[in-house]
Amino acid sequence: MKPLIRYLNTIWQITRKDIQVEWRGRQGVPVMLVFALLVVFLFNFALQLSPELQAGLASGLLWVSLAFASTLGLNRSVSLERENNAMDGLLLAPVDRSAIFFGKSISNFAFTCLVAIILLPVFSLFYQQNMLSLPLIGIILLGVAAYTSLGTLLAALSIQTRTRDVLLPVLLYPLALPILIAAVESSRGVLSGQAFADLQSWVYLLVACVVLFNAAGLMFFETILEE
Amino acid sequence: MSKKPTLLLLFDVLSLILIPAALILILFFTPVERVMGPVQKVFYFHVSAAWAGMLGFIFAGVAGAGYLITRRQTWDWLSLSAIEVGLVFGLIAILSGMIWAQPIWNTWWVWDPRLTTTAIMELIYLAYFILRSGLDTPEARARLGAVYAIVSVGTVPLTFFSIRLFRTIHPVVITTGGEGGAFNMSPRMLLAFFISLAVFTLLLADLVWHRYRLAELQTQNKQEA
Numbered sequence: 001m002k003p004l005i006r007y008l009n010t011i012w013q014i015t016r017k018d019i020q021v022e023w024r025g026r027q028g029v030p031v032m033l034v035f036a037l038l039v040v041f042l043f044n045f046a047l048q049l050s051p052e053l054q055a056g057l058a059s060g061l062l063w064v065s066l067a068f069a070s071t072l073g074l075n076r077s078v079s080l081e082r083e084n085n086a087m088d089g090l091l092l093a094p095v096d097r098s099a100i101f102f103g104k105s106i107s108n109f110a111f112t113c114l115v116a117i118i119l120l121p122v123f124s125l126f127y128q129q130n131m132l133s134l135p136l137i138g139i140i141l142l143g144v145a146a147y148t149s150l151g152t153l154l155a156a157l158s159i160q161t162r163t164r165d166v167l168l169p170v171l172l173y174p175l176a177l178p179i180l181i182a183a184v185e186s187s188r189g190v191l192s193g194q195a196f197a198d199l200q201s202w203v204y205l206l207v208a209c210v211v212l213f214n215a216a217g218l219m220f221f222e223t224i225l226e227e
Numbered sequence: 001m002s003k004k005p006t007l008l009l010l011f012d013v014l015s016l017i018l019i020p021a022a023l024i025l026i027l028f029f030t031p032v033e034r035v036m037g038p039v040q041k042v043f044y045f046h047v048s049a050a051w052a053g054m055l056g057f058i059f060a061g062v063a064g065a066g067y068l069i070t071r072r073q074t075w076d077w078l079s080l081s082a083i084e085v086g087l088v089f090g091l092i093a094i095l096s097g098m099i100w101a102q103p104i105w106n107t108w109w110v111w112d113p114r115l116t117t118t119a120i121m122e123l124i125y126l127a128y129f130i131l132r133s134g135l136d137t138p139e140a141r142a143r144l145g146a147v148y149a150i151v152s153v154g155t156v157p158l159t160f161f162s163i164r165l166f167r168t169i170h171p172v173v174i175t176t177g178g179e180g181g182a183f184n185m186s187p188r189m190l191l192a193f194f195i196s197l198a199v200f201t202l203l204l205a206d207l208v209w210h211r212y213r214l215a216e217l218q219t220q221n222k223q224e225a
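So the protein sequences, as listed, match chains H and S.
Residue 1 is where the first sequence starts when you use our numbering, and the numbers rise one by one after that.
Residue 1 is where the second sequence starts when you use our numbering, and the numbers rise one by one after that.
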């Protein structure tokens, strides 16, 4: 069992490093949060939402704002490594490179969840609807896990191009569509009080996405980073 | 410069003969659908184009895996060619679908899950070219392109599954209900349909091969210059 423990430790060290950098600089999560709120306000103006419409759209808006905000964090998490050639340091480390993927993926997951935790009470306030329910939080955890693992993979891909971080949304949004559809639909179901039996296929789809994209990261991260 | 393979020439000739033949078959041999009228005949090439596009994308993913395993440039050419040709077939499927939808649904476009996901699939593969154009070396283009092609081919079925959970107004011709599935078509329609599918598959192979040869010749040309 020793290699496994060492592998998990590597993942933890990378996650810890990212969290430490964020804690000391506090430049990622606040930007994501403000951006997410701006998206919510923009949509309200752009779509001229009437109060009846608002309630039904809350879950959609929540996921759109989370997805947009998360992109900022994903870009930052790789461009940060690029800036001072820190990536070379990571690549030189005698560890399995998929551990770098999982480490980064977990820290991105943590940052996006943090944004979501702050957004939930705000949404409850704005849309007159209690969104602090356990099932919804569970769905958010699943959806964000799938989204950030796919995002981490594609961010590592897009950072190697000449267009750098501009490319990430173009690659990520269409591929993340099944995650977003499943997340929005299951959140809407939970908020309107549907039984789990009606929603389980959406939840299973989310679980499938988490498994699939993490497997993709495990398989391809090494290939993406080789130079 | 390598000579054009004889088999490719055969594919060219067969495509040139069989596509008009299939068209004649569809126009004059198949019965006119009772409710929709003649516009239903769009169906044969519409489904065939969608099929060919999908097949191209799946093949691109397989070729991408081939590249990552063997690291031979030829696999990358195949993957790139299949996506490029698949993209065109996908576009044909969408456009022909719109032509059908205008009289039947009374609108060119509806935000139906099936239509939306097909459009998204096109966007996924458009992004493939943006990704490639941002990379400098052929090696990076091939390596990252292969990863992207594989991840995409894994996501597309998920997207299609996710729309199955929605109610769609798109006609479902092949039903899985009953014993082993069934086609809601008359025998003549069925025959024309399968011939269209076969012809489009042949055309796909022909075009992908041509595009592959183009990539090959481009590389040779660069090396000679």
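Everything labelled a hint here was simulated from the structure, so no lab data went into it.
A quick note: this is a predicted structure, and the numbers were derived from the prediction, not measured.
Any given hint could be a false lead.
[Stated by the list, open to error] Here are some of the chain S residues that sit facing chain H, going by a computed Cβ distance under 10 Å: (1) L115; (2) T116; (3) V151.
C-beta: ideal position from N, C-alpha, C; glycine also.
Outcome of the hint check:
| no. | hint | verdict |
| --- | --- | --- |
| 1 | L115 | violated, 14 Å |
| 2 | T116 | holds, 9 Å |
| 3 | V151 | holds, 5 Å |
Checked against the numbered hints above, the structure violates only hint 1.
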